[in-house]
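Q: For reference, the chains in residue letters:
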Amino acid sequence: MARENLEFGDGVLLQHCALQTEDDLVLARAAIKLHSTDLGFSKLNQTKIVTAASELGRNVLEHGLGGHLKIDAIDQFGRKGLRLIFEDNGPGILDMELALTDGYTSKKGLGLGLTGSKRLMDEFSIESQPGEGTTVMVIKWT
Amino acid sequence: MVERIPILKIGETLLVTIQVDFHDRVALALQEDLTDKIVTHSSKGVLIDISSLEMVDSFMGRVLGNIAKTSRLLDCHTVLVGMQPAIAITMTELGISLQGISTALTAEDGMELLKALMSKKQKRVSHGRQIARK
Ligand SMILES: Nc1ncnc2c1ncn2[C@@H]1O[C@H](COP(=O)(O)OP(=O)(O)O)[C@@H](O)[C@H]1O
Ligand SMILES: [Mg+2]
Chain V
0 MARENLEFGD GVLLQHCALQ TEDDLVLARA AIKLHSTDLG FSKLNQTKIV
50 TAASELGRNV LEHGLGGHLK IDAIDQFGRK GLRLIFEDNG PGILDMELAL
100 TDGYTSKKGL GLGLTGSKRL MDEFSIESQP GEGTTVMVIK WT
Chain H
0 MVERIPILKI GETLLVTIQV DFHDRVALAL QEDLTDKIVT HSSKGVLIDI
50 SSLEMVDSFM GRVLGNIAKT SRLLDCHTVL VGMQPAIAIT MTELGISLQG
100 ISTALTAEDG MELLKALMSK KQKRVSHGRQ IARK
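Protein chains in written order, with numbering that gives the first Met the number 0: chain V, 0 to 141; chain H, 0 to 133.
By construction, these hints were calculated from the structure, which means they are not laboratory data.
Careful, some of the hints might be misleading.
Some residues of chain V that are not near chain H, with every Cβ distance over 12 Å (derived) [stated by the list, open to error]: (1) Leu12; (2) His15; (3) Arg78; (4) Lys79; (5) Glu86; (6) Gly91; (7) Ser105; (8) Thr134.
Under 10 Å between C-beta atoms, here's a sample of chain H residues computed to sit facing chain V [as the list claims (entries may be wrong)]: (9) Ile17; (10) Asp23; (11) Arg24; (12) Leu73; (13) Met90; (14) Ile95.
Only pairs whose alpha carbons sit at most 27 Å apart, straight line, appear in this in silico DSSO-like list of lysine-lysine [stated by the list, open to error]: (15) H/Lys114 with H/Lys68; (16) V/Lys42 with V/Lys32; (17) V/Lys79 with V/Lys117; (18) H/Lys114 with H/Lys8; (19) V/Lys107 with H/Lys68; (20) V/Lys106 with H/Lys68.
We put the beta carbon where it would ideally sit given N, CA and C, even for glycine.
Generate the whole structure from the sequences, applying the supplied hints.
A: See below:
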């Protein structure tokens, strides 16, 4: 995702997590919890980050047919943040506006994953190419 | 990783303590196990302690909601106790409301609430009987 890198700079890679199974999702949540503690986030912000990550990670598993997550620490003009990039090579999203509507689900979810994680994080961007996959980037500033 | 969450039976109530993070399958198994136990023990109340839980996402929220709804259909009340303030705030921002779920801050308060809910129902039943006798 070149655009994010331009906007927020290169991060320091903290961890790379596979997202292929439910176990991977549990491990990813634990990893994010650890890194957000290390970066000094408050309890509330840690909870917000882990919850948003759980939503986006589950989307990778459920809708994106598996993929991976990159966790990195970024520093933009002295402002530090935790960035999470979720990537999959699944079917992609045909109607982005619909997918970004509160309560819309193409399966049996609550349809709050994308909109909810956007509310919980400070930065949110999504890119999807039908037939090629989806990339979601979120940032929480410390 | 945990495969099943234990369910304790204490009198007419069932007690569940969620200790660690677990995957979706375990949550679905809990929902099933609880339903089975409510029926086999004719339980009237379920107390779920989530004080050690790190987060409630929309999946977990849906599971908790389903447990409460299903137990109601089986003449049983569910009370959720010990939700961390950070989780309450995060859930609200995410957009999940645990409508129809009773909550209490501590396990003790939760037991009191369950007792109250259960006795309210018994009163209603005995009232019904009186009318029937007349
Ligand atoms: N990684 C993804 N790949 C393909 N489609 C996705 C992906 N993430 C989300 N979507 C689509 O966007 C919709 C909304 O996602 P979300 O808000 O998480 O709700 P839910 O997962 O409960 O359906 C999904 O139902 C799905 O159609
Ligand atoms: Mg989702």
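Q: Compare the structure with each hint and give your call.
A: To see whether the hints hold, each was checked on the structure:
1. Leu12: Nearest chain H Cβ is 24 Å from V/Leu12, so the label holds.
2. His15: holds (20 Å)
3. Arg78: Since the minimum Cβ distance to chain H is about 22 Å, V/Arg78 lies beyond 12 Å and the statement holds.
4. Lys79: holds (21 Å)
5. Glu86: Holds, since 20 Å exceeds 12 Å.
6. Gly91: holds (22 Å)
7. Ser105: holds (14 Å)
8. Thr134: holds (20 Å)
9. Ile17: Violated: closest Cβ of chain V sits about 14 Å from H/Ile17, beyond 10 Å.
10. Asp23: holds (5 Å)
11. Arg24: holds (6 Å)
12. Leu73: Violated: closest Cβ of chain V sits about 22 Å from H/Leu73, beyond 10 Å.
13. Met90: holds (8 Å)
14. Ile95: Since the shortest Cβ distance to chain V is 6 Å, the answer is holds.
15. H/Lys114 with H/Lys68: holds (18 Å)
16. V/Lys42 with V/Lys32: Cα-Cα ~10 Å, so holds.
17. V/Lys79 with V/Lys117: holds (19 Å)
18. H/Lys114 with H/Lys8: Answer holds: H/Lys114 to H/Lys8 is near 15 Å, not above 27 Å.
19. V/Lys107 with H/Lys68: holds (17 Å)
20. V/Lys106 with H/Lys68: holds (21 Å)
Checked against the numbered hints given earlier, this structure breaks hints 9, 12; the rest are met.
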